[in-house]
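Asks: Residue numbers (my numbering), protein chains in the order written: chain A, 1 to 333; chain B, 1 to 333.
Think of the hints as simulated: they come from the structure by calculation, not from any bench.
It is possible that some hints are incorrect.
A pair holds if it fits inside one copy or across any two, identical chains being indistinguishable in the list.
For lysine-lysine, the following BS3-like pairs were computed, each having C-alpha atoms within a straight-line distance of at most 30 Å [unchecked claim]: (1) Lys14 x Lys109; (2) Lys87 x Lys267; (3) Lys110 x Lys14; (4) Lys267 x Lys218; (5) Lys263 x Lys151; (6) Lys263 x Lys14; (7) Lys14 x Lys267; (8) Lys87 x Lys323; (9) Lys12 x Lys198; (10) Lys88 x Lys198; (11) Lys12 x Lys267; (12) Lys12 x Lys218; (13) Lys235 x Lys88; (14) Lys235 x Lys87; (15) Lys263 x Lys87; (16) Lys224 x Lys12; (17) Lys267 x Lys150; (18) Lys323 x Lys14.
The residues making up each chain are set out below.
Protein chains: 2
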Amino acid sequence: MEKSESRIDFEKLKEIAEGCETVLVKLPDGLSQLATGISDFLSSAGVEAIISANPCYGACDFCDCIDGMGVDRIIYVGEAEMPYLRKKYPVPASFLEVSSRFDAAAAVKKALPLLEGGRIGVTSITPYIHQMEKCLTILEEAGFTPVVGKKSRRTAYDGQILGCDLSAATSVSDIVDSFLYIGDGYFHPLGLSMSTSKPVVIADPSQNRATDDIEKAKERMMRKRYALISNAMGKNRVGVLVGEKLGQKRMELAHAVKGMAEKRGMKAYLVSSNNFSPERLDYMDVDFYVSTSCPRIAMDDSDRYRKPLLTPIEFEILVEERKWEDYEFDQIL
Amino acid sequence: MEKSESRIDFEKLKEIAEGCETVLVKLPDGLSQLATGISDFLSSAGVEAIISANPCYGACDFCDCIDGMGVDRIIYVGEAEMPYLRKKYPVPASFLEVSSRFDAAAAVKKALPLLEGGRIGVTSITPYIHQMEKCLTILEEAGFTPVVGKKSRRTAYDGQILGCDLSAATSVSDIVDSFLYIGDGYFHPLGLSMSTSKPVVIADPSQNRATDDIEKAKERMMRKRYALISNAMGKNRVGVLVGEKLGQKRMELAHAVKGMAEKRGMKAYLVSSNNFSPERLDYMDVDFYVSTSCPRIAMDDSDRYRKPLLTPIEFEILVEERKWEDYEFDQIL
């Protein structure tokens, strides 16, 4: 608790909440232990906090029914803004970013010997994005030319990538030799590798290590995705998932998938939810699902479902509107 | 599937959906296998169905983010209307009630020898409410005087009770000798027994049986509730749960609970959600919870939580604003 709390910029929190009577506080799972501390602090500043116990996976994630709760402002803790959603929240939203305490520079130094070529596309994610400048300096001092792609409508910072928006990488892919990913996990670098086909080196500050072992993970993932598509082959009944969250709602895409299915004589069902889960979907008498919601749902959670759960791009491959060779990461651009 | 489908009044469904381009179909868990059949039928009538995969526990349960989805009408399957919510849904809502195929008359006949006194308060729940008339006739023919309480702002039929609204019983409690409950489960008859202190006989059509064994269940329940209150005693940090669902949002009550807690020197935290679950609450550094959302959450789900989960009335007992002897069922009236 103590350790985590010190990461919150309480001065900024106070500024954000100023003039509000009631704010809704949204935190991702990893920061949820901060909720009561934030509520205490706001209370002492004369602001009432309502802690949202709905899951929160980013600035795209808003599906809270706050009518009549007197909420003046939504405060996302640990998330960066998605600029294009600014005017779409029911009340103004602010973003109290939380920087990681892990040193990105140390991990980047370990990554230097692994980098291929001279021009390096540099990408990172919200917890580490504020350490970008010092990482670029390290690269320059080592003789590399770092290239940082511009932010998009869904990202707040140059070089920032999301699981659903890799444009800071794809936009510079043609002019770099390889990519450096500063962050944890394999999901983002897998997306980088898939969407750019360039070598990717991971500098993971949380583990203070660097690696270029992404190819094996990519192979494993592709085998799994191929198996899911194969399992759905020849099946006739498809549930098309529509996410109800503010920045994950792709109704047009859902209709397009449904249309493609029906063109092939399949039965297609639109299924919406604010939080998809096996408990609510396994019962349906469909053969497989295509998720138009957050790309991670199909990529990370498919093991939890009894039936194949595909991305829209994988569905295109299934109905032969796209070749397996043209496999792409699903993005919300 | 076949068996269940035949219970749907497709003529009425067609009427309800007439003129709509897109409808949102909401079903409780027990009827979810009907979803694709309903979607097929609507599709053949030129109406697009979006199946909500959010849980649905009644007409009170609306927290679907349907902006931009083109929904013209919400169709609740298997639920009766809550009249006071009629104008609160974001688009018009209709209610396609589904009558149980089980014969209520047979169960009521079995209940006759168990009834106490001559004036019998008769109550039922949505799946059986349409069999009320024939049940009343059976009672009259057996020499009883059935008494049916009026519907409320939350119920669509005279004699209909909800877990959160027992007014069709409490309103006639003074003028009856005992109650007959026509329906399944023990939750509603427990509420009846608690809120009226009159003898309660259960006629359960789904099991074709009648029983007056409610007292034991009541004792068990009261012991459990007492233990939960005891476990919370002397504790200082309370999470006050606010349900985000349309008919379960009791913000004023939440503030009242918070106020009572703070008056006693406790720390109180407002926590909102569209679906409370242990996964999202167990992490919080509070000692116990008070739920102002659906009364069933505290009553049915408390075993699933690591920390005591109380009703607002139980909290009043805890802080000695109410005596244990004045225990009441939590209702949303």
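Asks: For every hint, state whether the structure bears it out.
Replies: Here's how the hints hold up against the structure:
no. : hint            : in the structure
1   : Lys14 x Lys109  : neither (36 Å within a copy, 67 Å between copies)
2   : Lys87 x Lys267  : neither (37 Å within a copy, 35 Å between copies)
3   : Lys110 x Lys14  : neither (38 Å within a copy, 66 Å between copies)
4   : Lys267 x Lys218 : neither (32 Å within a copy, 49 Å between copies)
5   : Lys263 x Lys151 : neither (37 Å within a copy, 49 Å between copies)
6   : Lys263 x Lys14  : between (55 Å within a copy, 25 Å between copies)
7   : Lys14 x Lys267  : between (53 Å within a copy, 20 Å between copies)
8   : Lys87 x Lys323  : neither (38 Å within a copy, 50 Å between copies)
9   : Lys12 x Lys198  : neither (39 Å within a copy, 58 Å between copies)
10  : Lys88 x Lys198  : neither (35 Å within a copy, 53 Å between copies)
11  : Lys12 x Lys267  : between (52 Å within a copy, 24 Å between copies)
12  : Lys12 x Lys218  : neither (40 Å within a copy, 52 Å between copies)
13  : Lys235 x Lys88  : neither (38 Å within a copy, 41 Å between copies)
14  : Lys235 x Lys87  : neither (41 Å within a copy, 42 Å between copies)
15  : Lys263 x Lys87  : neither (37 Å within a copy, 39 Å between copies)
16  : Lys224 x Lys12  : neither (44 Å within a copy, 45 Å between copies)
17  : Lys267 x Lys150 : neither (41 Å within a copy, 45 Å between copies)
18  : Lys323 x Lys14  : neither (53 Å within a copy, 41 Å between copies)
The earlier numbered hints that this structure contradicts are 1, 2, 3, 4, 5, 8, 9, 10, 12, 13, 14, 15, 16, 17 and 18.
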